[in-house]
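Engineer: In case you want the letters, here they are:
Protein chains: 2
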Amino acid sequence: MKQGGLQVSSVNIRKVTLEDAEGILKHSKVVFGEGRNLLTTVEEFTLTIEEEEQWIEKQKRANNFVLVAEVHNEIVGMLNATRSTRKRVQHLCQFGISIQEAYCNKGIGSQLITKLIEWAKQDEVIEKICLEVFASNERAIYVYEKYGFVIEGMKKKHIKFEDGTYADEYNMGLFVK
Amino acid sequence: MKQGGLQVSSVNIRKVTLEDAEGILKHSKVVFGEGRNLLTTVEEFTLTIEEEEQWIEKQKRANNFVLVAEVHNEIVGMLNATRSTRKRVQHLCQFGISIQEAYCNKGIGSQLITKLIEWAKQDEVIEKICLEVFASNERAIYVYEKYGFVIEGMKKKHIKFEDGTYADEYNMGLFVK
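Each protein sequence line maps, in turn, to chains R and C. Sequential numbering of the first sequence, starting at 87, is according to the numbering used here. Sequential numbering of the second sequence, starting at 87, is according to the numbering used here.
Some hints here could point you the wrong way.
Claimed, not checked - These stretches of chain R come out as covered by chain C in the derived footprint (C-beta under 8 Å, 3 or more residues):
1) 106-112
2) 173-183
3) 243-254
For the record, the hints were derived by calculation from the structure and aren't laboratory data. None of the values given here were measured: they were computed from a predicted structure. Ideal Cβ positions, reconstructed from N, Cα and C, are used throughout, including at glycine.
Just need the whole structure built from these sequences, with the hints factored in.
Structural biologist: Rendered as structure tokens:
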């Protein structure tokens, strides 16, 4: 199966390992540099490899879910879902996706979300998957809605860009139980 | 002026100081113990006085806004507004209020919010004040709406109580510029 010129079979989706620290850093610098769709700007992303390794270890200890998407052994996409540590919200997880622009519209986001939903359904505690997305990011919202996520609310003018313009933010949710 | 049996003149609203660490700890244990309106449960609140002092210092360094409400030299209420550190959201601040049940409905919340709005209006960067509140907390929502806050969105079943029941959460916002 081919989607947008990329062989889907050449995309490898797998759980993160400690050895991915450097690849994630490289990927993050690319996506933060590209984007009007992410909160963090590239200048603000200053993690070292050691800090990135600590982050990966922390996700493992917290039993969070982190996937990377590789093409030709390079990380080009990523999903990370975080559990809340407080009891009254431990039935929720919150996730974010980043995919390099050159690899968008090729089904990578769909593969990542499918695996996230499977993980959340099997989890004993999680009942709902939550996300936040810029209201202007129609492509992402389209994919989330395809998987059953519903827009529950918004934050007006939540993002202020460097040029002084604003974007609203939506929060979406999907109940898996 | 009297409200609900408490002399408003006997309530002292002031900025937090490092010496308040112990008083804030005592206050926090009371409100977290009382509440179906707060995310943190009392068992989860385990800060030491030293950690509370570090928290107060951190708020000062970050130029955040923290008020305490005292009655007879005891802290019975508190407001803290936090700036986001990332550039694209630095026009926002997010605040929370906690008032001991015995001191609710006495105008303390209104005094705290009035001072917050004054502070935010005078600030050079902040354009919007945000908050999150349990949808079931009608008393608080009534006060926020009185000051112009608008419900922008919600998170369905965002809170799961110890008895297995749920509450939605609203997010509200007020533009000060």
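Engineer: Work down the list of hints and note, for each, if the structure agrees.
Structural biologist: Results of checking the hints against the structure:
1. 106-112: violated (count 0)
2. 173-183: This one holds; 6 residues, not fewer than the three required, reach chain C with a Cβ under 8 Å.
3. 243-254: holds (count 6)
Checked against the numbered hints above, the structure violates only hint 1.
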